[in-house]
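There are 2 protein chains.
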Amino acid sequence: MTPSTLYVCVTCRGATPAAAEGPRAGVRLLEAIERQLGEADDGLAVTPVECLSNCQRGCSAAVAAAGKWTYVIGDLDPDRHAGDIVDFARLHRAHELGLPVWRERPAHIRKSTIARVPPMKFEEQR
Amino acid sequence: MTPSTLYVCVTCRGATPAAAEGPRAGVRLLEAIERQLGEADDGLAVTPVECLSNCQRGCSAAVAAAGKWTYVIGDLDPDRHAGDIVDFARLHRAHELGLPVWRERPAHIRKSTIARVPPMKFEEQR
Numbered sequence: 020m021t022p023s024t025l026y027v028c029v030t031c032r033g034a035t036p037a038a039a040e041g042p043r044a045g046v047r048l049l050e051a052i053e054r055q056l057g058e059a060d061d062g063l064a065v066t067p068v069e070c071l072s073n074c075q076r077g078c079s080a081a082v083a084a085a086g087k088w089t090y091v092i093g094d095l096d097p098d099r100h101a102g103d104i105v106d107f108a109r110l111h112r113a114h115e116l117g118l119p120v121w122r123e124r125p126a127h128i129r130k131s132t133i134a135r136v137p138p139m140k141f142e143e144q145r
Numbered sequence: 020m021t022p023s024t025l026y027v028c029v030t031c032r033g034a035t036p037a038a039a040e041g042p043r044a045g046v047r048l049l050e051a052i053e054r055q056l057g058e059a060d061d062g063l064a065v066t067p068v069e070c071l072s073n074c075q076r077g078c079s080a081a082v083a084a085a086g087k088w089t090y091v092i093g094d095l096d097p098d099r100h101a102g103d104i105v106d107f108a109r110l111h112r113a114h115e116l117g118l119p120v121w122r123e124r125p126a127h128i129r130k131s132t133i134a135r136v137p138p139m140k141f142e143e144q145r
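Sequence lines, in order, name chains A and X. Going by the numbering used here, the first sequence wraps up at 145, each residue one higher than the last. Going by the numbering used here, the second sequence wraps up at 145, each residue one higher than the last.
Bound conformation, chain A alone:
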């Protein structure tokens, strides 16, 4: 199975104002995702990124893999949605083209999909 990468924006401030001190919402989302994954080696890599340019609907993460569709997911609350984005990344990894079945995607992911982009060498659809 091709491994999938979860890119997590660590500069996101999130939907609600954070305390002046303490980590940014994006950093907390990253930490929540890493806790969720634990020590399991299930073909998911997590990579922090400075800005996925989805600032209006942060926190943000993207799921990508060689030869597969890339998904950008927004509106992620570090306290509530780490499990959803990890579940979606596992479905993405399990699907040959990175296109999880719609009804199997977590509800929050369905509502908060910001964009998707086809894999390289994608054949045109007319």
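Honestly, I wouldn't trust all of these hints.
Which copy is meant is left open, so a pair is good if it fits within one copy or across any two.
Unchecked claim - Simulated pairs of lysine-lysine, DSSO-like, Cα-Cα distance not exceeding 30 Å:
1) K87 - K130
2) K87 - K140
3) K130 - K140
Bear in mind the hints are in silico, worked out from the structure with no lab data behind them.
Once you've looked at the hints, dock chain X against the given chain A.
Positioned in the frame of chain A, the structure of chain X alone reads:
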């Protein structure tokens, strides 16, 4: 120079209701982009796609190339913004990492960037 691909969503209905007959706004955007490019072989490929999942802010296009950042751009009016997205795609192609200088990007592209995703094998930023 690595070629860049412009993925254009041809299922977008656009911001304004179209006539019941006639092509969808996304198809008109595709045609406008192809007219803009003309016969020039400048390292840009145009690929129609069914849905980039940016339906709330269509019309939509994405710019991608192997080893570079991918950008998703929205709010594209087929009658007004084909030149802007082509200019942005040329800047993307000209930049080693696909990161055009902010002030050189067309104003509409700066306002309407929906998301960006790092290239494969991107090193983490902590």
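For each hint, the structure was consulted:
no.: 1; hint: K87 - K130; result: both (21 Å within a copy, 28 Å between copies)
no.: 2; hint: K87 - K140; result: both (10 Å within a copy, 14 Å between copies)
no.: 3; hint: K130 - K140; result: both (28 Å within a copy, 29 Å between copies)
Checked against the numbered hints given earlier, this structure breaks none of them.
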